[in-house]
Amino acid sequence: MHVVSFTRSTPDTAAKVWVDGEGAVTWGDVATVVNPWDEYSLEETIVQAKAAGGISTVIAIGGHINDDALKHSMAMGIQNILRIEEPGADIHDSLLWSALAAGAINKLGDVDLVIFGKESVDVATDQHTYQLARRLGWTMLSYVSAILEVDYAAGAIKVEKMLEQGRQVVAARLPAVISVMKGINEPRYPNFLGIRKAARAKIPVWSADDMGITLPKPATNALRYMNPPAREIVNEIIAGDDVAAKAERLAERLFEEKVL
Amino acid sequence: MSVFVWIETFAGEAVPSSWEALTAARDLADAYNSAVTALAFGANAAEIAEEAQRRGAEHAIVCADDSLQSYRLEAYAALLSALVVERRPVAVLSVATSRGRELLASAAGDSESGLISDVIEMRVEAGRIIGKRPAYAGKVLMEMTANTVTRFVTIRPRAFPAPAAGKPAAGNIEEVAAQPVPASIQTEALDFASEAGKVNLSEAAIIVSGGRGMANNPADPPADTSGDAANIWKARHGYANTLTPLAETLGAAIGASRAAVDAGYIPYEHQVGQTGKAVNPDLYIACGISGAIQHQAGMRNSKIIVAINKDAEAPIFKLARYGIVGDLYDVVPALTAALRKRLKT
Ligand SMILES: Cc1cc2nc3c(=O)[nH]c(=O)nc-3n(C[C@H](O)[C@H](O)[C@H](O)COP(=O)(O)OP(=O)(O)OC[C@H]3O[C@@H](n4cnc5c(N)ncnc54)[C@H](O)[C@@H]3O)c2cc1C
Ligand SMILES: Nc1ncnc2c1ncn2[C@@H]1O[C@H](COP(=O)(O)O)[C@@H](O)[C@H]1O
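One line per chain: the protein sequences are A and B, in this order.
Just so we're aligned, residue 2 is where the first sequence starts under the working numbering, counting upward by one.
Just so we're aligned, residue 293 is where the second sequence starts under the working numbering, counting upward by one.
Note that these hints are calculated values from the structure, not bench results.
Warning: the hint list may mix true and false statements.
List of simulated lysine-lysine pairs, PhoX-like, C-alpha gap at most 25 Å [as the list claims (entries may be wrong)]: (1) B:Lys-602 with B:Lys-526; (2) A:Lys-259 with B:Lys-633; (3) B:Lys-424 with A:Lys-218.
Keep in mind the model is a prediction, meaning the values are calculated, not measured.
Let the sequences and hints guide you as you build the complete structure.
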């Protein structure tokens with residue numbers, strides 16, 4: 002029984018992010034964090050692997066920037082960490098990315114369940130997950146808010162999904178790729194022993210060749226990054242003799258703005 | 293050659309924001325000298341196709357097969373992918389709802405096509421579709437293109453106006469058969485629980501949000517509650533009796549900060565922000581919310597922001613077009629009364 006998660010490093014959500022003179026995205030020397038949505042998928046991976054007496058692995062695709070996210074995952078309690086790096090490949094392209102990810106899952110060979118976070122907080126394409134499932138030919142269950150039952154022997158899983166219209170209970174077959182929502186669990190903090198173990202861990206790195214795959218051509222190109230146009234907001238603090246007068250004035254303003 | 297638009301449905305009705313994709317598709321079809329073809333699958337597909345033709349689609353492809361009655365990714369993706377591979381449309385569009393995102397990403401994967409997601413503006417330049425999308429929680433914008441025969445695009449809800457319904461187009465409605473799905477990836481929906489009266493945040497034109505300040509409710513909790521339980525009671529009482537009347541007066545959805553969600557004041561479905569929903573309303577009223585950067589990430593693009601906070605220094609006031617410094621439990625009922633008078637409800 003093997004549960005796998007994918008994660009990577011993203012800039013701290015409080016960081017100022019901007020496009021520099023060369024057109025590159027930068028956040029200065031602010032540290033990166035593990036993608037915040039992945040705190041939930043990593044926790045769920047640990048919980049599910051433990052519950053079934055199986056093993057847990059987390060994979061990052063990309064360069065050394067992701068080492069911190071991998072080590073954080075191990076410090077939380079993920080047993081194995083792995084990085085996929087294919088120099089020169091445009092891993093921002095999700096088709097190419099999913100080819101690498103599927104290569105890793107197939108090379109591991111014994112994976113029953115892959116757990117993702119809902120999206121990455123930075124580029125938030127929310128597409129890696131589905132394209133991996135399609136490439137593997139596995140069941141896809143997105144926006145999972147609870148894993149209700151997993152029966153590895155019978156190859157069955159039952160989850161609750163969170164949709165715009167409400168919550169839906171779905172039964173499906175393993176192996177499966179799922180993405181999980183905030184609220185599915187309370188992510189743990191790394192403890193001292195975990196941090197020590199992670200600090201000493203060597204991160205194995207696989208290339209496309211190691212996995213015996215040929216990469217597709219990228220299907221997308223990022224053309225340029227821009228700073229958003231500055232929004233000129235005139236702030237008006239509503240004055241008035243008392244609350245009722247302020248409320249009247251605000252109501253009047255909202256009608257003038259034609260947003261009601 | 294045409295531009296495909298998937299019209300998302302729920303319980304046999306079109307999801308309102310899905311029409312917005314027809315507006316985006318119109319521009320593409322004109323630039324490529326092609327036509328817009330709406331795709332409607334499942335219950336009431338034919339009626340929905342006709343409505344799409346009244347809203348600017350020339351043609352429609354429908355499939356009302358039993359296996360597609362209600363949305364299931366594997367069944368819908370099998371059909372969409374087969375249609376794309378067979379007919380090679382220049383583009384496939386839908387609105388970026390949870391289903392739109394997963395369906396288009398899956399079919400793009402199956403057909404080895406490029407996908408530009410969450411687009412807020414789009415143009416065609418030298419035969420290329422260039423989509424502009426927010427990244428890094430809107431701190432940066434990026435332009436992307438897809439270089440495949442068919443380009444997939446999901447558009448952010450409320451970024452494009454919905455086309456008005458007019459006279460139906462003269463094009464045709466074609467019926468197609470469903471595609472087989474391997475048993476190993478079939479999913480079965482067992483149960484569905486909808487939250488009564490819930491308004492969809494990403495589609496809402498007006499949102500009234502409450503934060504941690506909701507706990508400072510002067511109403512007295514039952515005698516046997518104290519500590520956290522008392523705060524939860526007070527906050528919930530406030531959402532129900534102070535924010536909800538304002539929201540109902542305005543036809544607004546109720547939002548919340550993460551602090552309020554994490555404290556158990558309100559379910560996660562209502563969370564706005566970096567790890568909640570990104571919203572795009574005409575009017576966003578933040579009550580008892582300080583305006584942390586991660587909250588801003590979800591609501592910064594609202595057209596008009598109103599802040600109600602007792603701390604004049606709260607960062608939310610820098611974002612707000614209008615602010616009232618005061619206790620939300622005084623201001624919100626007064627505002628509700630003032631608006632009711634004008635709206636005569
Ligand atoms: C990785 C990460 C992701 C995050 N994602 C999100 C997210 O998606 N959404 C989100 O909202 N936050 C998110 N946060 C949390 C964010 O940093 C803030 O902690 C949170 O937004 C604060 O919520 P708040 O404004 O309700 O609470 P506070 O910051 O405590 O503010 C409460 C405000 O209420 C005011 N107030 C109190 N009583 C009253 C009263 N009676 N009348 C009027 N005003 C009153 C106070 O003056 C204060 O300004 C995230 C944080 C991290 C690290
Ligand atoms: N390069 C990567 N390596 C590992 N995981 C990733 C990578 N890119 C995205 N993911 C994960 O894929 C999920 C969906 O991300 P996205 O499709 O970018 O919104 C999130 O859980 C991400 O952490």
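Checking against the hints above, which ones are violated?
-> none
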